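Chain by chain, the residues:
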Amino acid sequence: MGAGFGRVFGGLGASSTSGGGVGSAVPGARRPGPGEDAAADLVVEARDLCLRFGGVTSLDGVSLRQRRGEILAVIGPNGAGKTSLFNCLTGAYRPQHGTVTFWPTPDRPAQLVGRRPHAITRLGVARTFQNIRLFPALTALENVQVGIEMRQRYGPLSAVLGLPSARRAERDGVRRALELLDLVGLAHRAHEVAASLPYGEQRRLEIARALGTGPSLLLLDEPAAGTNPAEKRDLAGLIGRIAATGMSVLLIEHDMGLVMSLATSVAVLNFGRVIACGTPAEVQRDPAVIEAYLGVGDDGPDAGGATGKELR
Amino acid sequence: MSARPRTLGASVLLGLLAAVVTGPTGDSDEPLRAAWDSIADVRIVLFLGLAVALWLVLVLGPRLRGLVAAVTAPPRRRLTAATLTMTARRSVAAAGRRGRTVAVGGGLLAVAVVAPLVVSTAAQQSMVNDIGIYALLALGLNVVVGYAGLLDLGYIAFFAIGAYATAYFSSSTAMPWHAPFVLNPFFVFPIALILAALAGVVLGAPTLRLRGDYLAIVTLGFGEIIHLVANNADGITGGARGAFGVPHLSVHLAGVDYAWGIDPLPYYYLLLVIVVGVMVAFGRLERSRIGRSWAAIREDEIAAEATGVATLRMKLLAFALGASVSGFAGVLFASKQFFNPQSFSLQASFFVVAVVIFGGMGSRLGVVVGAVVLQGLAFYLRDKVQPADRYIYFGAVIVVMMIFRPQGLVPSRRRRREIELSEAGVGAADSLGSATPTVVRP
Ligand SMILES: Nc1ncnc2c1ncn2[C@@H]1O[C@H](COP(=O)(O)OP(=O)(O)O)[C@@H](O)[C@H]1O
Ligand SMILES: [Mg+2]
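Sequences listed follow chains A and B, in order.
Letter by letter, the first sequence follows residues 1 to 312 in UniProt numbering.
Letter by letter, the second sequence follows residues 1 to 442 in UniProt numbering.
Keep in mind that the hints were calculated from the coordinates and are not lab data.
What you are looking at is a predicted structure, and each value in this text was computed from that prediction instead of being measured.
Ideal placement from N, C-alpha and C gives every residue a C-beta, glycine not left out.
Do not take every clue at face value.
Pairwise CB distance ranges, derived in the manner of DEER restraints [claimed, not checked]:
1. Met402(B) to Phe53(A): 36 to 46 Å
2. Pro164(A) to Ser250(B): 30 to 40 Å
3. Ser196(A) to Val276(B): 26 to 36 Å
4. Thr245(A) to Ala424(B): 32 to 42 Å
5. Arg108(A) to Met402(B): 46 to 56 Å
6. Arg97(B) to Asn228(A): 34 to 44 Å
7. Pro164(A) to Val113(B): 26 to 36 Å
Take the sequences, apply the hints, and build the full model.
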């Protein structure tokens, strides 16, 4: 592992698996070989991200690339910097160094660092939070509506006057929100207050809300954390269905079963650096990864022993 | 079980305290004499009676409520998975609620129409100058505090801007400084609206990035600046003397000639129309995408940003809307009566905030009821107690209210849920609704 430089990732997974580029916008998408990175149809590329909080360095030169339509899993022990990476991609944190390029469509790259979070969401990057952050007193339907409606244009005057355009937009928003609730299996909960939903359903509601913003890249921060095995299975199905529509998914997940079954490629973070990347199978064999997960050396034994066992 | 004697004790102590602070004023020679006089007086019976009554309400209230709820609650419907039936049922329920709202609203409106006809002229005056104007102010501040969750303690400044704009544009004698032409006050409405909204944007654009507490301090300062400028800029505003002789409202249009005059009734009905209009308009706004994004900001600002809500712009919109209502009210106020900078003091700002919180943040009907109750109380106490004591009663009423009904007199459904949830430790909304920021920018 080159110090200060994470390994460039994304194009490397080309030789294996079948999921990349599902239904992507590129006609006849050809899978580029390792040497053809420049031609790859990327959806997002982070270069050399550094993020420090006072003395704590949570990202230390992370570079990462994701192809359109791919499910890329980011794994790593607690405190490795996975959430920080998400926060840099979505504008919640501003890295001290590095760039993030995002391609809403293949021909229009946009620079994300320095933009406000809502502007990034509008470009097409949606996220969920590790600790669920719904609008607790709004209903499930309203939660999803907020995401959908931020793309609508009608202003306060049209709303007050009840203009037909405003009413139509409102109706369309409700219809779309119900569709999304149906997609995540929460249609019957549409009018229940978000905070009253069981944990697993809140997680799915957060996904529906993110989808409402019309993203082309979906960031899921530990969507299966705290859910039971049955819910995990449902969730894996849901993520699979979302990806099958051509959505690019960037997934932080601890559950190795889920990662191995879903991900097209995997990147492993430890101490703010990318220590390995490749297909799930490659990563699983990587000695650096095994070491990080088993806590050999100075990582401390608490760095995810259980996960380490699952890994093997 | 020990809670009951304790509440009884607390209620009695409160009663004694109220008796002392509202009793005769002492002097420095015998500081305890006055306290003793006020407790030994027959009034103590009244205060202790009130204390015991309060205690009874506290102890028996929840039981009664439980009983009523058990009798009247509809059996819980079973949920089906079918979306369409759900939505259909939902709209039936919504239609039912809507019908009830219309009925209640119609009843209250009828009361509001008849009420001024059966009270004294002094009361009519108060219904215009105090209740009506403050209902309008509270409706505007409700957008800022109740919808967007921003604490604005300088809200009265926009009211002042509206009032002084009226004096400037509609009279050449009211203030030393005046426009080179004279406008009918009706034409000042749009001007004041825009001026106040602009002032709101100018104040809000740099400050709305601040967290709740800091925003409160900055707006407080802004309110004081406007108040002090009005008070001290003798050569411009007329200073502490205030502005005299702003013309009353009048209409001369297409054969209609009508002038509002000394009689408070025409002003009252005009205000009633405006208040109802603003309530309807803001209701629609609240149920639109704009109201939902305000709710999202209030409940979790970070999640709102991540969901694509332009939080700064939406806050600025709330700020400007609230300010423009305040400016509008200022025009009505100025054209109705003589005014001086005292009407725009810090106390007035606090009073509007108190009305909103007391009535029920986020609830349009609530804040209007709040204005009626608090200003009604002020009117009632006017010749019953010494002016200096009046705020003691306000304080007591508001404190009791906040302890036992923090959501306000007529809370909004969303708001009540938020308070329940935040008491249960869910969600980011504190009692004022500003999201707790957790992002530390590196
Ligand atoms: N807002 C913050 N302030 C200070 N330190 C932070 C902040 N956010 C993250 N960190 C630090 O950055 C490191 C990485 O955290 P995080 O990205 O949450 O890890 P992960 O999601 O992989 O568990 C941790 O050491 C954490 O303490
Ligand atoms: Mg994390």
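These are the hints, each one checked on the structure:
1. Met402(B) to Phe53(A): 36 to 46 Å: For methionine 402(B) and phenylalanine 53(A) the Cβ distance comes to about 38 Å; the hint holds.
2. Pro164(A) to Ser250(B): 30 to 40 Å: 37 Å, holds
3. Ser196(A) to Val276(B): 26 to 36 Å: 34 Å, holds
4. Thr245(A) to Ala424(B): 32 to 42 Å: For threonine 245(A) and alanine 424(B) the Cβ distance comes to about 37 Å; the hint holds.
5. Arg108(A) to Met402(B): 46 to 56 Å: 53 Å, holds
6. Arg97(B) to Asn228(A): 34 to 44 Å: Roughly 37 Å apart at Cβ, these two residues keep to the hinted range, so it holds.
7. Pro164(A) to Val113(B): 26 to 36 Å: 33 Å, holds
The structure agrees with every numbered hint stated previously.
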